[in-house]
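Since the structure of chain A is already known, use the hints to place chain B on it.
There are 2 protein chains.
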Amino acid sequence: MVQQERAIRTRRVVLEAAAQVFAEHGYVAATVADILKTAGVTKGALYFHFDSKEALAKGILELQTERPLPPQETRLQEVVDTAMTVAHRLPLDAVLRAGARLSADPAGRQYYGTAWASWIQVLTDLLTEAQKRGEVLPHVEPREIAELIVSAFNGVQLYSQLEHDLADVERRASFLLNHIMPSIAAPAVLLRLDMAPDRGARVFDEATHMAVTVA
Amino acid sequence: MVQQERAIRTRRVVLEAAAQVFAEHGYVAATVADILKTAGVTKGALYFHFDSKEALAKGILELQTERPLPPQETRLQEVVDTAMTVAHRLPLDAVLRAGARLSADPAGRQYYGTAWASWIQVLTDLLTEAQKRGEVLPHVEPREIAELIVSAFNGVQLYSQLEHDLADVERRASFLLNHIMPSIAAPAVLLRLDMAPDRGARVFDEATHMAVTVA
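Top line first, the protein sequences correspond to chains A and B. Under numbering that gives the first Met the number 0, the first residue of the first sequence carries the number 0, and numbering increases by one thereafter. Under numbering that gives the first Met the number 0, the first residue of the second sequence carries the number 0, and numbering increases by one thereafter.
Since the hints were derived computationally from the structure, they do not count as laboratory data. For each residue, glycine too, the CB sits at the ideal point set by N, CA and C. The hints are all genuine.
Which residues of chain A face chain B? A few of them, derived with a C-beta cut under 8 Å, are:
hint, residue
1, Ala106
2, Leu147
3, Ser150
4, Phe152
5, Asn153
6, Gly154
7, Tyr158
8, Leu175
9, His178
So that you can see chain A by itself, here it is in the shape it has in the complex:
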């Protein structure tokens, strides 16, 4: 059992190291040697879990949407929270930054896929439920809006990353949502949506507390 726990921990250490290298250098320029050096594990330990650079990229993409968020009064608030916690975590979390860079890499993604499909599914499910509850306008097509939010958000975070090293990503994500939500949300729901730049930080703290309480 102790051995299994250690294996799980090693796997995570390797993925975190791979994420740092992919986030900084991109998939094509990254090498397994760089990842080994960053992880501080043996070649054998790495290859026990991942048999290729491709497998490392796939492992990182699987982690993108794993974190559960605290339930809110409306599903539409949970849509906002999904985007705003990603914006909050991007500067802090190499796994998310690597996920964004890997997904947008025209050369690499043929080998390992993309995280966009998972994010679109998460938002489509929330928006479908939101629509059943009357929180979004009747003409809204959940999947179309999910694709719009994921693709536009990606453009906004990329801009923030390349121009301002992600220092303003929460403000820009908040600004995007503030300009899209009025054409999606039912008026009474819109008034109560919290889309402030620090929303992600607050929800993330709540989620972390929630995880600790459950454990």
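Here is chain B on its own, set in the frame of chain A:
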């Protein structure tokens, strides 16, 4: 004079070829040998105009915002037209596709810069003029909205490119504008904005006709 015209034409042929190679392979993977082969010119002819791969990338970025659009009744329609003609031209024009890819390349842009700043300036100027004319709401900050449109548009076009080979880029650009403009435009102006997916094609035809008439 004939010689000068030929030099200008050769320069353009080389830039078009470089754009095709950058758009397909990205800056780092592209080689001057690939560009020479695509252009069908001699090494001497290429180096007469551009002394490095970096100079080629800079030359392409300078071409991004060069095309004048026909004036419209409102400046806000011209904002829409700027975005929709880019969406229309992206699948047809390697220079624009290369501009988008070069601008979003974290590894390459330290060498040659980005086209985003020029696009943001074009839209900021139009939005500032639109605001003076009462076409956009008083609280709108032109530069913030210009940055939002350029960055979100980039995310939308990248999604369309990587997931659907740009086949739906006009529909997605139209969808983005339809969801952002209601929180920017004065109500009477919003009602008259043409943001249809084929708007770019119509304006581009008009601009081409305009250029022919002037010449």
